[in-house]
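Residues 15 to 317 in my numbering are what the sequence shown spells out, letter by letter.
These are computed hints drawn from the structure, not numbers from a lab. Computed from a predicted model, the values in this text were never measured in an experiment. Don't take each hint at face value.
Stated by the list, open to error - Pairs of lysine to any residue residues, derived as SDA-like cross-links and limited to a Cα-Cα distance of at most 25 Å, are as follows:
| id | residue 1 | residue 2 |
| --- | --- | --- |
| 1 | K117 | E191 |
| 2 | K89 | W243 |
| 3 | K145 | G281 |
| 4 | K117 | F232 |
| 5 | K179 | Q202 |
| 6 | K145 | Q202 |
What the hints assert, rightly or not - Label pairs and their computed distance ranges (CB to CB):
| id | residue 1 | residue 2 | range |
| --- | --- | --- | --- |
| 7 | S146 | S313 | 24 to 32 Å |
| 8 | G90 | E181 | 30 to 38 Å |
| 9 | Y165 | G281 | 22 to 30 Å |
| 10 | E237 | G166 | 48 to 56 Å |
| 11 | R185 | E237 | 38 to 46 Å |
| 12 | F215 | T70 | 43 to 51 Å |
All C-beta atoms in this analysis are idealised placements derived from N, C-alpha and C, irrespective of residue type, glycine included.
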Amino acid sequence: VVTQATYAIGSAGSVTLDRAGGQLQIVSAVPSSGWTVAKAESEGPLAIKVTLRSSTTQVEFRGDTLVRLAAELPKGQYAWWSNRSDDSQAMLTRAVDLRGLTKATLTFETWYEIENDYDYAFITVSTDGGKSWDTLPGSLTTTDDPQGVNYGHGITGISGRPGAKLEDGHRGRWVSEQMDLSPYASQQILLRFWQITDQGFNAPGMLIDNIAIPELGFSDNVEEGAGDWQAEGFVRVDGTLSQQWDLRLVITGADGATRVVPLSADGSGRAVGQLAADEQAVLVVLGATLHTTEPANYSVSTN
């Protein structure tokens with residue numbers, strides 16, 4: 015008595031069934047999984063209903079579309095950012111006329127994470143058109159120079175957390191600084207913010223906001239554009255970047271063969287891949303946004 019029969023199921027594949035003992039069992043099938051089998055209710059005792067539950071599985075990725083440039087956002091909508099790079103100099107310069115003043119004060123707010131003792135930021139003044147520069151002392155600066163790269167009164171480390179180390183997971187916070195410009199009163203000067211980094215590790219850098227010289231009636235919250243600042247390396251930013259994702263779906267078939275399928279996230283951060291019923295896969299996810307190491311969130315689902 016023949017108890018086995020093979021059935022072609024459209025273009026989906028084929029299935030071989032054994033109905034010995036009045037029971038229906040799948041002996042073999044292509045694809046190898048995803049089938050259901052039962053007696054059809056109205057077709058008589060030998061009629062068989064065979065269906066493939068789903069010929070494909072959808073893998074759906076959803077990720078953030080924006081990521082922070084640094085741990086903190088600007089105080090308003092915009093701030094100046096020093097950029098981050100190895101072996102670099104970033105400069106932000108403007109001319110300031112202190113003639114008619116007998117004293118002057120520079121104030122600003124800043125956030126920074128700068129490689130401690132190796133990279134430094136400086137606030138400097140030139141009275142000879144940029145041929146030479148004086149570094150200004152302040153509450154955030156240090157003259158310590160363990161690596162021979164602090165060119166005067168430098169800012170290094172993590173804002174608001176003296177002595178803390180980036181490698182221990184500490185993050186900066188916004189702080190206020192005040193520096194005396196009175197030695198340069200009655201003169202025309204150049205005022206410059208610098209960040210200088212070495213060739214090794216680089217950190218998120220420095221944000222500067224709400225720059226003011228009260229005695230001059232000057233204030234700049236960076237909201238209205240670059241103004242008279244000359245930026246070389248510094249960038250006016252809103253604190254976020256478009257999050258980029260690098261996605262690879264590594265698929266293993268029933269025969270053990272593996273192939274890699276790139277996926278592209280759309281403008282909403284969504285990407286979709288398809289698997290056949292007899293395939294398995296691993297989704298490799300890489301955050302690929304330049305200039306930041308801040309975390310971005312994503313989720314993966316199947317149906």
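Hint by hint, which ones does the structure fall short of?
-> 3, 5, 7, 9, 10, 11
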